[in-house]
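Student: Quick note, the sequences are listed as chains A and B, same order.
Okay, so the first sequence: first residue is 63 according to the working numbering, each after it adds one.
Okay, so the second sequence: first residue is 668 according to the working numbering, each after it adds one.
It should be emphasised that the hints constitute simulated quantities derived from the structure, not laboratory data.
There is no bait here: all hints are sound.
List of simulated lysine-lysine pairs, DSS-like, C-alpha gap at most 27 Å:
(1) A/K131 <-> A/K120
(2) A/K162 <-> A/K131
(3) A/K162 <-> B/K731
(4) B/K708 <-> A/K111
(5) B/K708 <-> B/K681
(6) B/K687 <-> A/K162
(7) A/K174 <-> B/K708
(8) B/K708 <-> B/K731
(9) A/K162 <-> B/K722
(10) B/K733 <-> A/K162
(11) A/K111 <-> A/K162
(12) A/K174 <-> A/K120
(13) A/K131 <-> A/K111
(14) A/K120 <-> A/K162
(15) A/K130 <-> A/K111
(16) B/K708 <-> A/K162
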Amino acid sequence: AQSVTQLGSHVSVSEGALVLLRCNYSSSVPPYLFWYVQYPNQGLQLLLKYTTGATLVKGINGFEAEFKKSETSFHLTKPSAHMSDAAEYFCAVLKAAGNKLTFGGGTRVLVKP
Amino acid sequence: GAVVSQHPSWVICKSGTSVKIECRSLDFQATTMFWYRQFPKQSLMLMATSNEGSKATYEQGVEKDKFLINHASLTLSTLTVTSAHPEDSSFYICSARDTITDTQYFGPGTRLTVL
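Build the full structure now, drawing on both the sequences and the hints.
Tutor: Spelled out as structure tokens, the structure:
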């Protein structure tokens with residue numbers, strides 16, 4: 063069985079500060095990893111994904127994430143937060159060549175001016 | 668690319684009526700689509716996997732006779748909430764799986780309110 067843990071259900075950052083959202087997973091096989099963002103009353107938008115190859119993945123809106131197998135982590139970062147980054151962020155795991163996504167509990171980001 | 672639409676975006680209905688929600692992949696074919704339910708301030712809960720041309724696979728605890736799923740084409744899946752009750756009020760989100768990239772793309776969601 064696989065699971066996803068997002069540390070911190072809420073994160074508050076100042077505009078211009080580093081955004082760091084933590085995600086740890088457990089999987090018996092090498093997983094595919096995803097970060098999605100959800101704005102209020104909207105669906106999920108794909109930020110980035112890791113499947114194979116380079117472990118540092120760059121996504122949209124200036125976000126990036128690094129797959130660290132030894133730490134079973136896939137933390138999401140952005141060097142400088144914008145007000146528009148205020149949203150809910152979900153980490154998800156897909157077993158390689160599998161079907162179902164397993165989501166973390168989500169982290170709500172608040173950006174202070 | 669990889670756009671998924673849902674219709675309607677919101678619906679209000681009376682208790683006892685049925686509501687149909689459509690999910691379409693606009694620029695790719697999806698043999699597999701997924702239906703999720705999301706309660707306020709919570710993560711997504713997978714309800715069922717919709718397979719084109721075959722029966723849907725429901726998650727444990729989800730009533731298949733209440734949540735009817737039809738995946739009649741490679742670009743359309745529908746979820747029908749039958750005999751809706753206020754406890755069915757929720758945000759329903761679909762996704763479509765792009766088999767080439769093994770990535771799920773999500774629709775914008777449908778907010779259902781049952782009075």
